[in-house]
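Given chain A, put chain B in place with the hints provided.
Protein chains: 2
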Amino acid sequence: MKSYLEMNAQELTQELAAVKAQYDALAAVPRKLDMSRGKPNPAQLDLSMDMLALDPATLTHTASGADARNYGLPTGTDECKALFADLLGLKPSNIIVGGQSSLNLMYDSVARALLLGVYGGSKPWGQQGPLKFLCPAPGYDRHFAVTAALGFELISIPMTPTGPDMALVKQYAESDPSVKGVWCVPKYSNPTGITYSADTVRAFAALKPAADDFRIFWDNAYCVHCFDGQDEELLNIFDACREQGSEDMVYEFASTSKITFGGAGVSVIAASENNIKFITKQMGVQTIGHDKINQLRHVRFLKDAAGVRDHMKRHAAYIRPKFECVLNALDSEIAPLGIAHWNKPHGGYFVSYEGLPGTATRCVALCKDAGLVLTPAGAPFPYGKDPQDNVIRIAPTFPSPEELAQAMELFCVAAKLAALETLTAK
Amino acid sequence: MKSYLEMNAQELTQELAAVKAQYDALAAVPRKLDMSRGKPNPAQLDLSMDMLALDPATLTHTASGADARNYGLPTGTDECKALFADLLGLKPSNIIVGGQSSLNLMYDSVARALLLGVYGGSKPWGQQGPLKFLCPAPGYDRHFAVTAALGFELISIPMTPTGPDMALVKQYAESDPSVKGVWCVPKYSNPTGITYSADTVRAFAALKPAADDFRIFWDNAYCVHCFDGQDEELLNIFDACREQGSEDMVYEFASTSKITFGGAGVSVIAASENNIKFITKQMGVQTIGHDKINQLRHVRFLKDAAGVRDHMKRHAAYIRPKFECVLNALDSEIAPLGIAHWNKPHGGYFVSYEGLPGTATRCVALCKDAGLVLTPAGAPFPYGKDPQDNVIRIAPTFPSPEELAQAMELFCVAAKLAALETLTAK
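As they're listed, the protein sequences go chains A and B.
The first sequence begins at 7 in the working numbering and counts up one residue at a time.
The second sequence begins at 7 in the working numbering and counts up one residue at a time.
Here chain A stands alone, though its shape is the one from the complex (with noise of 0.2 Å):
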């Protein structure tokens, strides 16, 4: 194969009438095919179903002998802090057990931020007129979204292969006080796949915002997410914060969403004493507590930080192959016509597609027309507008293998048509 960069007009134009029957013959098969959300698979599901299976009777208390059926311990059981302590090489006193979402616990943070305030900070983030965040981008659409309807102005940082743009982070928040905070997926983010370098975490840790208020919002969804054995370390951002007596400054957050079940999982928000002291007192007014049972199950299930890491063993084993049909179909389809580049992760949910500027929007729509639905082009970006058009997020965990070969053969099909059509434009 020859790069597409390499061709001439002429060359193009057959390959684009070629690329384009495939396109078609493809298309006229009707499928449904769907590479969208970072969504386990059924098969990963089932992986937990003894944890639905446990004896009623271990579910019932803690072990300091409260009953978790009943009302009370509003920031979770010591069993479940626990887990999550060892998880993140935290104490418990440094956690809060929260409901199923962990996005939740996110925009609920952001909320009593706006509503009342952060500890240190002198008055609510609501009552300081316009704010800003900043959004590492390609990033979590979700995350953006959450700051964009509560009305934060959304400024994009340029991702790096070691984290985001940690200059760029730096003049923001130590300029400006109206920026607020930041949000951070440090392992094998999203969606480029990346773990944020220890330099970049030393980098956060080192921050000195001008807003006394200000917090990094490190959602570390992936922590335990490697899936070929090559796990790659991420610096304890606590750590690292000590030795700059930042600690303050972070809230972590964590949940068992890609560990056991997407709609029935455990979640936490992890942060210094000073904060969770803080939040514990917001949150007593907020809610009566979350669902202390399915904080034993999970303990009872998972055991402790070696037995989520050895259940996460067996999400690898179903995982890897699914990212080695997507790498190999890039590698084999796409590699040698020039047109993109993509990451190779060892861990997360998703592969990062950077394609040629101003086919992302296309090859998407070309995608979708012929039954494959993948992430709108421009999500990770915010406001949804990718400046370049050129960054697709692809998920390969849901499909079953079958289905991902289909999408793939499709997507590479799409992605060159999208690339041959920009090149014969020009």
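Do not take every clue at face value.
Note: identical chains are not told apart, hence a pair may lie in one copy or across any two.
[As the list claims (entries may be wrong)] Straight line, CA to CA, 25 Å or less: simulated DMTMM-like cross-link-like pairs of lysine to aspartate or glutamate: (1) Lys350 - Asp310; (2) Lys129 - Glu159; (3) Lys38 - Asp84; (4) Lys176 - Glu85; (5) Lys309 - Asp61; (6) Lys374 - Asp73; (7) Lys214 - Asp254; (8) Lys309 - Asp56; (9) Lys283 - Glu253; (10) Lys350 - Asp395; (11) Lys319 - Asp73.
Since the hints were derived computationally from the structure, they do not count as laboratory data.
Predicted model only: the values in this text are computed from it and were never measured.
For chain B alone, kept in the frame of chain A given last:
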């Protein structure tokens, strides 16, 4: 026994000495009794243990084929909506299923109204300057705490035997656009135990608030919680609203906290389809969704509204003797003395004791010093301040029968002592 109100000074002094001796004798015995919260007894929680022993295979999929274990269905499963719709006399399209805490849904509803606004409102509540909320009192302390924490001025509305003083509700709501809502526990009210009359419900439905974004927070927490077979009828507020075209004015809340588990239940918000569509859109940013497996667990266990009512008969069999114990003690020990009156509820979780003015704080302190924790005096009032200092909320469900008998013996002596101290101080 002679009424204290008919005793002369000498008789009162003698009685004070006698009761003081009784109190000292009781207080000399160490004890740890708690009638402070409307908390089910473990025996009630045992009634729902079968819900934790369901076949896992029945918990994975909804009737529509959705995988409850995975992401999706942010507003809940169809069958759980149908169950609550049936209970509340509404349609499934009027229901959003939440997490385990209905208080959290209420807080969220106020927070969203502040930050984002409500259906039909011209702008978010939070952009309209100082706000007020109507608080029928005595009422539920956690309701008042939500609006106090979120910055509202709390307006106390006297409760009557048929519900809140509706002339006053109407006057505030219809004259002042900064009045944004009203808290209601319309059936077996917390703590007075009364059910709003049909006229009261119709008066709510007929409100023409000055604000275009006023909401009635209708916390139907005790909708199926009759314990003596004499269930009181509550007019469906949405039926009343339909006649007035005011369906969009109501948010109704309910939960299984006192049906299954206070620590692992399911909650709902019920509202007009206009409201539900509007809230669904706002919630789409807030959360991935709540625990769907727990929704299915509840549906499999409770089955339907008839199943819920059957289940509640088992709670009633447990609760009824508790209330009889409280009421018998008050009838025999306090009634002849003319120093208090109280409600005799057919459902709910509370007896509201109204003693002589100025005695509630003292009575609660006397109980506490002798080892019995009661809800702090004043708690059922805005800002925790009972203007008469005469209301005490008695929550009889949590103590065992033996503990309850001890607690009521102590309570009656403390109530007498507090009354006598006041009467002799005159």
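Which numbered conditions among the earlier hints are violated in the structure presented, ordered from lowest to highest? Hints 1 and 4 contradicted; others consistent.
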